[in-house]
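**Q** Take the given structure of chain P and dock chain Y to it, following the hints.
Keeping their order, the protein sequence lines are chains P and Y.
If you're matching positions, the first sequence starts at 0 in numbering that gives the first Met the number 0 and goes up one per residue.
If you're matching positions, the second sequence starts at 0 in numbering that gives the first Met the number 0 and goes up one per residue.
Don't read these hints as lab results, they were simulated from the structure.
Worth double-checking, as some hints may not be accurate.
Restricting the straight-line Cα-Cα distance to at most 25 Å, the calculated cross-link-like pairs of lysine to any residue (SDA-like) are [said to hold, decoys possible]:
(1) Y:26 to P:67
(2) Y:52 to Y:74
(3) Y:26 to P:133
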Amino acid sequence: MFKQLASSISNIGSRAIDGIWRLGHAARFFLLVLLKSGTSFQRFGLVIRELYYVGVLSLIIIVVSGLFVGMVLGLQGYETLQKYGSESAVGTLVALSLVRELGPVVSALLFASRAGSAITAEIGLMKATEQLSAMGMMAVDPVSRVVAPRFWAGVISMPFLAAIFSVMGVFGGYLVTVMFIGVDVGSFWSQMQSNVDFRIDIINGFIKSCFFGVAVTAIAVFEGYDSPPTAEGVSGATTRTVVTSSLAILGLDFILTAFMFRGI
Amino acid sequence: MQRRTLDFWVGLFVTAGIAALMFLSLKVGNLSTYGVADSYVIKGNFDNIGGLKVRAPVKSSGVVVGRVADIQFSTQSYDAIVTMNIDSRYKFPKDTFASILTAGLLGEQYIGLAAGGDEVMLKEGDTIMKTNSAMVLEEMIGRFLFDKASEDDGF
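So here's chain P without its partners, still in its complex pose (with noise of 0.2 Å):
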């Protein structure tokens, strides 16, 4: 009874250890990564490359999304507003929702599962196929190679598909509003331009974006690199790239809330 005890406890203990290892490990490879970005900036061509499948691949998504979150917001903002006959506040409700939160939220979302699991899938396939240890006998550095230019596509392109899925958003909303519904387009615009504020609002939600990038690329990368080189170590890592990172940015955008809205 009492060695039961004992154990599962221990038990506890060694997974906290182990939580807690992993965590470090994370933070130094993050660390590395920082510190072997050089190469990516003076070969900018490796980015570019990267940017094109993290970033131009992920816009149809992006911009189908934005535009249906947009019309759906519209419609039900619409529903409830118009009962008090405040309906040409409609756009404001739109506006605000997409910009401080919708916008960065989902599209990081979206983010991590189309770009962050095909990013930690690539570069846990290239150890898995022994590519970064022939890199590494080749005496080219695998994370200045590799991981680095992957890490700054990612970070660069989160805030452009966040705004592009805030303004797709709107424009949806503009469409089932006021084409569709018949709200006044010149109440739909001004009300949107007098309550939302450029500094509060829009920076702020741009801020939030920034984050979510370096969270979910971080992640990505990290799990990639060290994800079991077989063939369930890299489907594991993808599925915990996809879930580690959703709830990293859940997390985030509570407490970056907190610190913009509340000014903790």
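**A** Same frame as chain P, now just chain Y:
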């Protein structure tokens, strides 16, 4: 993939991203109406500012002429000192009347300026003498009940 097509698509992506940011700040946000280019500062003491907030508009005849820059409490006179930035295109007489008004029934609060007839204009750093506090619902209901009670006593 060819290097040139790659560059083209990435260039298009980055341009679209920057255009989206510009659209957000100019068309969705209020960057275009941000910061009155040339402004002067005036102050006003109010007994009660209600729900007035920093960056609330200052209007005269319904036109936005400035913004609230700062709100502070003074322990010398025990009232609120509201600092306003007024567009320097608009000059107001010294005896201008400032009151805190509400847009609509539940809307945001703003400062309304009603020009007086003085020859001397307000300068940078001047204080408006005539102010009218915000309407507080509880006080109004209280006064109404008080009036009603004293009316009943009369009968």
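**Q** Determine for every hint whether it applies to the structure shown.
**A** Each hint, compared with the structure:
| no. | hint | result |
| --- | --- | --- |
| 1 | Y:26 to P:67 | holds, 20 Å |
| 2 | Y:52 to Y:74 | holds, 20 Å |
| 3 | Y:26 to P:133 | violated, 52 Å |
Figure legend: structure checked against the earlier numbered hints; the only hint not met is number 3.
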